[in-house]
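K.L.:
Quick mapping for you: the protein sequence lines, in order, are chains A and B. Take 1 as the starting number for the first sequence in the working numbering and just add one per residue. Take 1001 as the starting number for the second sequence in the working numbering and just add one per residue.
I should point out that these hints are in silico values taken from the structure, not numbers from a laboratory. Model, not experiment: these values are computed from the prediction. We put the CB at the ideal spot given by N, CA and C, even for glycine. A couple of the hints might just be wrong.
Each computed SDA-like pair below joins lysine to any residue, with the alpha-carbon atoms no more than 25 Å apart [said to hold, decoys possible]:
1) B:LYS1042 <-> A:ILE54
2) A:LYS44 <-> B:GLY1079
3) B:LYS1059 <-> A:LEU13
4) B:LYS1069 <-> A:LEU13
5) B:LYS1042 <-> A:ASN28
6) A:LYS57 <-> B:LYS1059
7) B:LYS1042 <-> A:THR100
8) A:LYS44 <-> B:THR1051
9) A:LYS44 <-> B:GLU1015
10) B:LYS1057 <-> A:GLU101
11) B:LYS1078 <-> A:LYS57
12) B:LYS1057 <-> A:PRO96
13) B:LYS1057 <-> A:TYR95
14) A:LYS44 <-> B:GLY1054
Which residues of chain A face chain B? A few of them, derived with a C-beta cut under 10 Å, are [said to hold, decoys possible]:
15) THR7
16) TYR35
17) GLY40
18) TYR48
19) ALA52
20) THR70
21) PRO75
22) GLU79
23) ALA98
24) ASP99
25) GLU101
26) LEU110
27) THR111
28) VAL112
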Amino acid sequence: NAGVTQTPKFRILKIGQSMTLQCAQDMNHNYMYWYRQDPGMGLKLIYYSVGAGITDKGEVPNGYNVSRSTTEDFPLRLELAAPSQTSVYFCASSYPEADTEAFFGQGTRLTVV
Amino acid sequence: ILNVEQSPQSLHVQEGDSTNFTCSFPSSNFYALHWYRWETAKSPEALFVMTLNGDEKKKGRISATLNTKEGYSYLYIKGSQPEDSATYLCAHPLGQGGKLIFGQGTELSVKP
Chain A
1 NAGVTQTPKF RILKIGQSMT LQCAQDMNHN YMYWYRQDPG MGLKLIYYSV GAGITDKGEV
61 PNGYNVSRST TEDFPLRLEL AAPSQTSVYF CASSYPEADT EAFFGQGTRL TVV
Chain B
1001 ILNVEQSPQS LHVQEGDSTN FTCSFPSSNF YALHWYRWET AKSPEALFVM TLNGDEKKKG
1061 RISATLNTKE GYSYLYIKGS QPEDSATYLC AHPLGQGGKL IFGQGTELSV KP
């Protein structure tokens, strides 16, 4: 019953460091998403993918990169961490139909100092 | 990106009060409207996915209505309990298979 699994749960980065947030799902969902949550702002879409090999920008893509080499995995890369990237990050997945719900991972709390 | 707007941003009620909040979304090219419940330190979980104009869905004390022609949905909680305290998010997919865009959420606090 894994669902959507994110790692790590917490991370502190120094300005300029890089890291990859991992996301994996075992529900054979075509669609996968990365969101960030900032206070009072709800969830902002960073990147999404409609299937292996296909990714597209969301609302706030700057400073991030993604890849989707398999249906299961959708890692998010931060190349040069900045304080503005301090946030809670959520990965989600769903079937492609608009009337199907999204399932979320447990979140990654990232602090950039 | 077309916006999804929620109001109010936060709400404080007493246990037993009934409450409601609003989600506004673009009425053109409508496919679905999602409601999620998000408790502190947990992940968002789906409450309802609504597709038909005039649709009404219910889960326990929580219900939701949908007006696709005017572009709004209401979420109602009858007899609020402290365990209802959470952020309630609505989301709108852009297109039949499009990206899911969320509103800023309504943070509900229910005091015993």
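K.L.:
Each hint needs a verdict: does it hold in this structure or not?
P.N.:
Outcome of the hint check:
1. Only pairs whose Cα atoms come within 25 Å are accepted, and LYS1042 of chain B paired with ILE54 of chain A is rejected, the gap being roughly 29 Å.
2. A hinted pair counts as satisfied when its Cα atoms are at most 25 Å apart, and LYS44 of chain A with GLY1079 of chain B does not qualify at roughly 31 Å.
3. At most 25 Å may separate the alpha-carbon atoms for a hinted pair to count; LYS1059 of chain B and LEU13 of chain A exceed this at roughly 41 Å.
4. For a cut-off of 25 Å, the pair hint linking LYS1069 of chain B to LEU13 of chain A is broken: about 47 Å separates their Cα positions.
5. Distance restraint check for LYS1042 of chain B and ASN28 of chain A: the Cα-Cα separation of roughly 23 Å lies within the 25 Å cut-off, and the hinted pair is therefore satisfied.
6. With a C-alpha separation of about 34 Å, the suggested pair LYS57 of chain A and LYS1059 of chain B falls outside the 25 Å cut-off, and the hint is violated.
7. With a C-alpha separation of about 21 Å, the suggested pairing of LYS1042 of chain B with THR100 of chain A holds against the 25 Å cut-off.
8. As the CA atoms of LYS44 of chain A and THR1051 of chain B are separated by approximately 23 Å, the hinted pair is consistent with the 25 Å bound.
9. Between LYS44 of chain A and GLU1015 of chain B the CA atoms are separated by roughly 31 Å; this puts the pair beyond 25 Å, and the hint is violated.
10. A distance of roughly 15 Å separates the Cα atoms of LYS1057 of chain B and GLU101 of chain A; the hinted pair therefore holds under the 25 Å criterion.
11. For the given pair, LYS1078 of chain B sits about 39 Å from LYS57 of chain A by alpha-carbon distance, which is inconsistent with the 25 Å threshold.
12. Between LYS1057 of chain B and PRO96 of chain A, the direct Cα distance comes to roughly 22 Å. Compliance with the 25 Å bound is thereby established for this hinted pair.
13. At roughly 21 Å between alpha-carbon atoms, LYS1057 of chain B and TYR95 of chain A fall within 25 Å of each other, so this suggested pair holds.
14. Distance hint between LYS44 of chain A and GLY1054 of chain B is unfulfilled; the C-alpha atoms sit about 28 Å from each other, more than 25 Å.
15. Because the closest C-beta pair between THR7 of chain A and chain B is about 14 Å apart, greater than 10 Å, the hint is violated.
16. For TYR35 of chain A, the shortest C-beta to C-beta distance to chain B is roughly 7 Å, which falls under 10 Å, so the interface hint holds.
17. Satisfaction of the interface hint for GLY40 of chain A is found here, the shortest Cβ-Cβ separation to chain B being roughly 6 Å, below the 10 Å cut-off.
18. With a least beta-carbon distance of about 5 Å to chain B, the hint placing TYR48 of chain A at the interface is held under the 10 Å criterion.
19. For ALA52 of chain A, the interface hint is violated, since its Cβ never comes within 10 Å of a Cβ in chain B; the closest pair sits about 15 Å apart.
20. At its closest, the beta carbon of THR70 of chain A sits 20 Å from a beta carbon of chain B; the interface hint therefore is violated under the 10 Å criterion.
21. The interface hint given for PRO75 of chain A is violated, since its Cβ lies 18 Å from the closest Cβ of chain B, which is over the 10 Å cut-off.
22. For GLU79 of chain A, the shortest C-beta to C-beta distance to chain B is roughly 23 Å, which exceeds 10 Å, and the interface hint is violated.
23. A hinted interface residue such as ALA98 of chain A counts as satisfied when its beta carbon comes closer than 10 Å to some beta carbon of chain B; here the least separation is about 4 Å, so the hint holds.
24. The restraint placing ASP99 of chain A at the interface with chain B holds, with a minimum CB-CB distance near 5 Å, inside the 10 Å limit.
25. For GLU101 of chain A, the shortest C-beta to C-beta distance to chain B is roughly 4 Å, which falls under 10 Å, so the interface hint holds.
26. The criterion of a C-beta within 10 Å of any C-beta in chain B is not met by LEU110 of chain A, whose closest approach is roughly 15 Å, and the hint is violated.
27. This hint is violated: THR111 of chain A has a C-beta 16 Å from the nearest C-beta of chain B, more than the 10 Å allowed.
28. Because the smallest distance between the Cβ of VAL112 of chain A and any Cβ of chain B comes to about 21 Å, over 10 Å, the interface hint for this residue is violated.
Going through the hint list in order, the structure does not satisfy hints 1, 2, 3, 4, 6, 9, 11, 14, 15, 19, 20, 21, 22, 26, 27, 28.
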